[in-house]
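Student: Residues per chain are reported as follows:
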Amino acid sequence: MASANYETLGLSSDQVLSMYESMLLARKIDERMWLLNRAGRIPFVVSCQGQEAAQVGAAMALNTEEDYLLPYYRDVGLVLHFGMTAQELMMQGFARADDPNSGGRQMPGHFGQKKNRIVTGSSPVTTQLPHAAGIALAAKMEKKNFVTLVSFGEGSASQGDFHEAANFAGVHNLPVIFFCENNKYAISVPMEKQSGSEHISERAAGYGMPGVTVDGNNPLAVYEAVKKAADRCRNGEGPTLIETLSYRQTPHSSDDDDSSYRTKEEVEEAKQNDSIHTFSAYLRECGVLTETKEKELQEKIKGIVDDATETAESAPYADPETTLNYVYAPKGGDL
Amino acid sequence: MASANYETLGLSSDQVLSMYESMLLARKIDERMWLLNRAGRIPFVVSCQGQEAAQVGAAMALNTEEDYLLPYYRDVGLVLHFGMTAQELMMQGFARADDPNSGGRQMPGHFGQKKNRIVTGSSPVTTQLPHAAGIALAAKMEKKNFVTLVSFGEGSASQGDFHEAANFAGVHNLPVIFFCENNKYAISVPMEKQSGSEHISERAAGYGMPGVTVDGNNPLAVYEAVKKAADRCRNGEGPTLIETLSYRQTPHSSDDDDSSYRTKEEVEEAKQNDSIHTFSAYLRECGVLTETKEKELQEKIKGIVDDATETAESAPYADPETTLNYVYAPKGGDL
Amino acid sequence: MAVINYIEAVNSALREEMAQDEKVFVLGEDVGAKGGVFRATEGLYEEFGESRVLDTPLAESAIAGVGIGAAMYGMKPVAEMQFADFIMPAVNQIISEAAKIRYRSNNDWTCPMTIRAPYGGGVHGALYHSQSVESLFAHVPGLKIVMPSTPYDVKGLLKAAIRDEDPVLFFEHKRAYRLVKGEVPEEEYVLPIGKADVKKEGTDVTVISYGLCLHFAMQAAERLEEEGISTHILDLRTVYPLDQEAVIQAASKTGKVLLVTEDNKEGSLMGEAAAIIGEYCLFDLDAPIQRLAGPDTPAMPFAPTMEKYFMMNPEKIEKAIRDLAEF
Amino acid sequence: MAVINYIEAVNSALREEMAQDEKVFVLGEDVGAKGGVFRATEGLYEEFGESRVLDTPLAESAIAGVGIGAAMYGMKPVAEMQFADFIMPAVNQIISEAAKIRYRSNNDWTCPMTIRAPYGGGVHGALYHSQSVESLFAHVPGLKIVMPSTPYDVKGLLKAAIRDEDPVLFFEHKRAYRLVKGEVPEEEYVLPIGKADVKKEGTDVTVISYGLCLHFAMQAAERLEEEGISTHILDLRTVYPLDQEAVIQAASKTGKVLLVTEDNKEGSLMGEAAAIIGEYCLFDLDAPIQRLAGPDTPAMPFAPTMEKYFMMNPEKIEKAIRDLAEF
Ligand SMILES: Cc1ncc(C[n+]2csc(CCOP(=O)(O)OP(=O)(O)O)c2C)c(N)n1
Ligand SMILES: Cc1ncc(C[n+]2csc(CCOP(=O)(O)OP(=O)(O)O)c2C)c(N)n1
Ligand SMILES: [Mg+2]
Ligand SMILES: [Mg+2]
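Protein chains in written order, with our numbering: chain A, 1 to 335; chain B, 336 to 670; chain C, 671 to 997; chain D, 998 to 1324.
Be aware that one or more of the hints could be misleading.
[What the hints assert, rightly or not] Below, in silico cross-link-like pairs of lysine-lysine (DSS-like), each with a Cα-Cα straight-line distance of 27 angstroms or less:
| no. | chain 1 | residue 1 | chain 2 | residue 2 |
| --- | --- | --- | --- | --- |
| 1 | C | 865 | D | 1262 |
| 2 | D | 1020 | B | 528 |
| 3 | D | 1020 | A | 331 |
Hints in this document: simulated from the structure, not taken from any laboratory.
With these hints in hand, go ahead and build the complete structure from the sequences.
Tutor: Set out below in structure tokens:
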């Protein structure tokens, strides 16, 4: 895979190993969710599978202690890196009261955790882009040096909010990264029916910002692009639009049957470039990963996912009456 | 002005003269509206002044017998060419029952006249762009060969509907022309605060269509660009985004005072390029227009505007109770 | 008569209207090869082809706006919003444009368009796949809003909506899609938009409702029948403009009125029904006008405990009817 | 106490809150050098600079959405929609986002944002510069909607809105801007959101209203006083969530209720007021609940004949009060 050596990018072997670990953890959590769903133990799952490299590559290029993240529903890899735990993710999967994202109020994939600067998201796609511009505007007004990264699918880039947010960021030269995870489908709609242009990144020029398309199966290429964009942000050079190319390996969600609109062969072929395998191979090639280490890692992660599942499944739901809480500020509000 | 000779564009001397006449008529109607407004005889005016060349150049490149037009509120030059009369425009200015646009229901500048395929418009900017895509889609579905032109200001290009409509047209390769009249201001907001890019036309690539910027003070340059775009439409080659550069010579509307946000000097300087004068000079240079002819023209137009004003002013308002009409289909509807 | 379910009635109305009128076409997200995320448009792509069953980009304002343009030209577009919750980006096109085209052009231009959207909860859809959005539009002159409860009404009213000369919002309860079955004639029929329907005659308490709640009310009424409480049930079917006369008749009949909606209570369209009753039936009333609705929280949560707490059900209605009967 | 007009109260509240709290900033179209198309933000650009008085691109969804992002970060944005009619493109951001942020995050994130917009007619604004848009939002839990009638209320409530921990829609009647004057104290004060206010005590007929109509009602009441008809007038001030208790008290006091709004009749928020009265005051009523409102047409036309026909005025209210008094 990666032609660039990780060292030339300024990454240590520990760092690339931790990237791999995050990718693997994301994948394993996701796979477990599907098992739980198919066994009738959780009602819904929406996947990161195929996009872990893009997500972890991006996260690695950010400062997870101060930057702001506005993820979309597939971003297990991003939120893990920003501090959400496997157990917390499982709490969300099981819709338990202890889910830090929403206390079981939202569907899985609707991330939000203030202490980690993961900004609460909703289901209507693309609404988070103007929010990201707003947070970046606040950074500029308050003279703070953090970066805001907002992610979304290529289908979501068709919404008016994409345009309005990108243009706002362009006009005000805001420190924000628009991170488009192009996985070739929006549910059943392929890129050709989604976009008049071949690449989403071609839209950047219309807002006066650089636009780049990178291989989303290569975490190092993504890291490099996001690092550069983040540096631009911190140097006051304004926003960047980054598009990562990968493939959605699962159906859209546990409610979708993808056989009506794409062939098994197409899916299988795309899986040849599965970043989990190609990055693992690359790390072995570089001597960062060994068979033993990989085995250890797999076991460690299995343990984490098992524990998380168990703890979450046995945790309680929120009390029915709590449905009424937090419509407005609990007290001190005027109502 | 115009370096290109009109003949190389395939235009006859009669045609360029009629272009000039339309420009002049538009200007004179507009000037009269301001006089009437300042005299308290009509409540509101919004101007075409400075954009006549762009409007008439575009109209000349279309087939006014079959093409569809979705104008915005400054497009006096476009609607005149598509068949709306000075008297009809005055009926609108005076909000009379015989206003063909809305029977006095809408403010001036909200054009619509089905028999001339001028599609009814509203005040919220940019909503007409998806409509234009819809009409172009109908043309494609019905295998009709007409072109749809939709116009809007550069400020209006910031709306989400611009993006969604352009992308829809790009994906479906629709026979529609997006015609942006960039007059440098959106009320008080200058282009630098409006757009992240220098030109609106730079956005075209993001939708897979050609984008061009032309001198909006040169009706021949605009004619050429729109002609090419219309040919593309008729040849099944899809949409084009055209941006014309001109300057809004009046305040935004009769309700605006532009002295708070731009200098008199700036306005005066821009008026040096007033297309009415430069095109007149060009036509004289070419020998198409003479001083006598110009005088005749001015008088003829004054007569038209006088008559139109008089007829409109003495026409009645709609009856109060007609307020209730046409919420739904008059009969046969289910309610 | 064949027994079909609610979503089959949607599908069948679409198919018949498309077969009958070439100007009718369908557009929306995933309505093509996939046949819609709920399969409402199943088979249409195969039968009528890509050009009449359009998969659009993910952009609701364009779905509505392109539909409006096509309708102004003379087509009969049927747009799908994948979930009613996602109609929000299209509000400007629907309220500023579709609703006002005839009026603002003094009857010169028209917008004969239908917008379908699945609404409602009880499907583990959480905040953004469960909402009732009718009150967002049920005050916009120029629009008609249809919310049928039975397959028979779905089919007859969707056909009427498609043929209507003005824009119609057609909201389908997504929980009803496969839950609710009913008889539908083989022969062609169309039902009038704007007319409510008495779904059950009764003498003690009047329930006015629509959509899925109508069925909950029917179930509650059935149980109460055994206790000797007789319930009169009016199905609004068209929720805007309301069928005033039918509301007045139904309320006056028993003098005890329960208005039931799955929507949040404050500001739901049941307020309008209450206002009509308070204006026209005041002296016929034997009990305060009661409204039974969802709590005033933004929408129903995902966790089953909270979803159940929010959702309407036959038990809640049964209790409210009994309380009124005993008043 | 100084007498100022309605828009000066807006301006002064903004200035004071900006001076007092650095997190407060203003954004919108033409709010900067121009000072707003109605001059609501006049002088703020000069006083607080470009970075706190932001001229945005012409994109309402971004104005709302960027404000929401900044509010989630901890700023106190005050967004202006140039006309309430143009809030439509921002509906998704307001309803799906601002209103639900606290709820969906289980109180982790909040959205302390104010959105101001001039609404209402009588200014030759025609269909798209005259609308009342409150009923679009007056059923959305998580939002608060303030619609003050006097400069005193404007100033005290706008300051409260800016300080509120949750999103507040603040609708200002544009005809009132320069027409309505009133006393405002020099000292700082803040009024409670959520509380209606009795603007006139009376015994024969109760009028419940808000905004510009409140003044028309006051004028009507004054004239009727001479005929010996005593009118009780409640100003809702916050139209969502409604101050139920105040509505119940006001309605019960006279037993004859007139609900007045400039909005279209069907589906206006007066339906909610009627429903509250129909539920809680039924046996105190001496006359049917009456609503006086605009006709159910899309909006008011431009031509003066038709605008006048549509608009509320003191005469229409006077007649309705007299009819009720005589009932
Ligand atoms: C405004 C809106 N419309 C429709 C939907 C339904 N929906 C959920 S995900 C999705 C496809 C998103 O595609 P893309 O942006 O490419 O992201 P991906 O799922 O491929 O990662 C759709 C249509 C939605 N969530 N929001
Ligand atoms: C959605 C919407 N927001 C705000 C307005 C108020 N408004 C009317 S015209 C205008 C400026 C338009 O600028 P531009 O598109 O450049 O056209 P121009 O007037 O310069 O020709 C604004 C903000 C509106 N009409 N619609
Ligand atoms: Mg995708
Ligand atoms: Mg402009």
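Student: Determine which of the earlier numbered hints do not hold for this structure and return their numbers in increasing order.
Tutor: No numbers; nothing is violated.
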